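Same order as they appear, the protein sequences are chains A and B. 5 is the number of the first residue of the first sequence in this note's numbering; add one for each residue after it. 5 is the number of the first residue of the second sequence in this note's numbering; add one for each residue after it.
It is worth saying that the hints were derived from the structure and are not from the lab. Fair warning: there could be bad hints in the mix.
Because identical chains cannot be distinguished in the list, a pair is counted as satisfied if it fits within a single copy or across any two copies.
Simulated crosslink set (DSBU-like; lysine-lysine; CA at most 35 Å straight-line) [said to hold, decoys possible]:
1. Lys-273 - Lys-92
2. Lys-213 - Lys-29
3. Lys-92 - Lys-239
4. Lys-26 - Lys-262
5. Lys-271 - Lys-26
6. Lys-239 - Lys-253
7. Lys-271 - Lys-139
8. Lys-253 - Lys-64
9. Lys-206 - Lys-29
10. Lys-29 - Lys-258
Model, not experiment: these values are computed from the prediction.
There are 2 protein chains.
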Amino acid sequence: MFKKVAIVGTGLIGGSLALAIKKNKLAASVVGVSRREASITQARRMGAIDSGSRSLDIVKGADLVVLATPVNTILELAPKIARFIDKKCIVIDVGSTKEEISARLSRIFPGYVGTHPLAGSEKRSIVHSSAGLFKGSLCLLTPTDKTNKKVLGKVIKLWLAVGAKTVDLLPREHDIALSFISHLPHLAAFSLIQTVPQEFLKFGSSGLKDTTRIASSDSRIWADIFLSNAGNIFKALDLFKNNISAITKAIAGKDRSKLVRILESAKAKREKLG
Amino acid sequence: MFKKVAIVGTGLIGGSLALAIKKNKLAASVVGVSRREASITQARRMGAIDSGSRSLDIVKGADLVVLATPVNTILELAPKIARFIDKKCIVIDVGSTKEEISARLSRIFPGYVGTHPLAGSEKRSIVHSSAGLFKGSLCLLTPTDKTNKKVLGKVIKLWLAVGAKTVDLLPREHDIALSFISHLPHLAAFSLIQTVPQEFLKFGSSGLKDTTRIASSDSRIWADIFLSNAGNIFKALDLFKNNISAITKAIAGKDRSKLVRILESAKAKREKLG
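Modelling step: build the complete structure from the supplied sequences, incorporating the hints.
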């Protein structure tokens, strides 16, 4: 499918995509870029990449570049990478926000398509990578009217080949959707665990653990996601606060039947999630 | 350990305790009370109880009564049950709040000890019961200075025998602890899933699922818990809102290093939970 794939950022997602490309023989060669030498060594040892470098010039000659660093690093590296690749090269990113990245990257790379695999976990780094990470997962694509259709077709094929289903969204829609399904839940989880007094942590059982699991996500990655999708997150947060108020009003007013009705409708919605 | 154990409320917790008592041969006979005939039939079929009834008089002659109904039903049934048992009978409840219940029940039953097994899940009813539910779990006990020491000793033995570790807390402490480790997380989870627009539910992945799993808990049980621990929950909620504000201020002020610091400390706390 590709001659040379360059993975910029050999972390959990980049490393897993590299492994999946290797396993499914989707490229003749895979190279990796990381700021950390240890990550490159580990990626090579795991067979995710054929060679790696801390320097960007290793992407030269690639026909697919995957930007798999944190959001703000993607924006930083993009113009530097543009110097090493030609116009036919397909470029995708796997960042968690899309409006800003998509606007900037589509101006830099003619062969750009925004993608966001909804896979991964609170764990990070190459050591947790696996070729099967994307199996049965959903990958959101954010093509615009400027996106080259052939390029889009090939990017869809890539994600299908590693086991993901794809859905197209406008970059703006993507960021709104993500503010609800991921960014607000993370903000809530971080805040929730902060609220539990140290002395009560020892009583935390599965409910608390599940509800706050994503609070052990990487701090810098999440700081950047929050900063890059602030407007949508604040809107989602306002709705969240309204929903909290609806419950607290029912509690304060001792309106049991209203309270049951609210919780019932939350439960019904949760059950749709599966 | 006991001659006749009466389980009032053969749901997930009552049913599991009955099964564990049977399995570990802790009682000569176990009887069950439920409002629903189907629950009694199922409990008998699963071997959780020897006989069951929708009528409370089946508790007659019990030396251990376990109140395992929702919080408000415990308060309702207690005086009725008192007519059928003698003063030597040990009475425990497994309710999720303790201050109100403990004050009322210790006046009604000389042999009362409040207990709260931190086991179970968003699933309920006898069909999800298992004899192993309490293995490796923590059971909070809320004895007061009025609690009979012998009775307390026997109740501790019971919970140890079914695989739980026990910790003593004052009823008031218990309710404060639970507002943080369970009630606020439930309130947040119910509100969080309510906030997600229907059309985005299909994009929900493991992060959203975990964070909102407990929102599929039973609505009536949770309405009663919220109502019976309102004061503590509101205090915990205020702290939660403060923690949300700290994050949103850092986002709004584009203060990345402060944001990273907050998320870092949340992550460190979450990792203590295991």
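| Can you tell me if Lys-271 and Lys-139 fall within 35 Å by alpha carbon in one copy, between copies, both or neither? | For Lys-271 and Lys-139, the Cα distance is within 35 Å both inside one copy (28 Å) and across copies (28 Å).
| Is the C-alpha distance from Lys-213 to Lys-29 at most 35 Å within one copy, between copies, in both cases, or in neither? | Result: close only across copies, 33 Å inter versus 39 Å intra.
| Intra- versus inter-subunit Cα pairing at 35 Å for Lys-29 with Lys-258 | Neither: 62 Å inside a chain and 43 Å across chains, both beyond 35 Å.
| request: Measure nothing new, just compare the shortest in-copy and cross-copy C-alpha distances for Lys-26 and Lys-262 to 35 Å and report within, between, both or neither. | output: Neither way: Lys-26 and Lys-262 sit 55 Å apart in one copy and 40 Å across, limit 35 Å.
| request: At 35 Å max between alpha carbons, let me know whether Lys-253 reaches Lys-64 within a copy, between copies, both or neither. | output: neither (61 Å within a copy, 42 Å between copies)
| How would you label the pair Lys-206, Lys-29 (within, between, both, or neither) given a Cα cut-off of 35 Å? | between (47 Å within a copy, 31 Å between copies)
| task | Evaluate Lys-271 and Lys-26 at a C-alpha cut-off of 35 Å and name the case that applies: within, between, both or neither. | result | between (42 Å within a copy, 33 Å between copies)
| Identical-chain pair category, Lys-273 with Lys-92, by Cα at 35 Å | neither (45 Å within a copy, 47 Å between copies)
| said: Within a copy, between copies, both or neither: which one fits Lys-239 and Lys-253 at a CA-CA cutoff of 35 Å? | reply: both (21 Å within a copy, 14 Å between copies)
| How do Lys-92 and Lys-239 come out at 35 Å by Cα distance, when the copy is not named: within, between, both, or neither? | neither (39 Å within a copy, 59 Å between copies)
Checked against the numbered hints given earlier, this structure breaks hints 1, 3, 4, 8 and 10; the rest are met.
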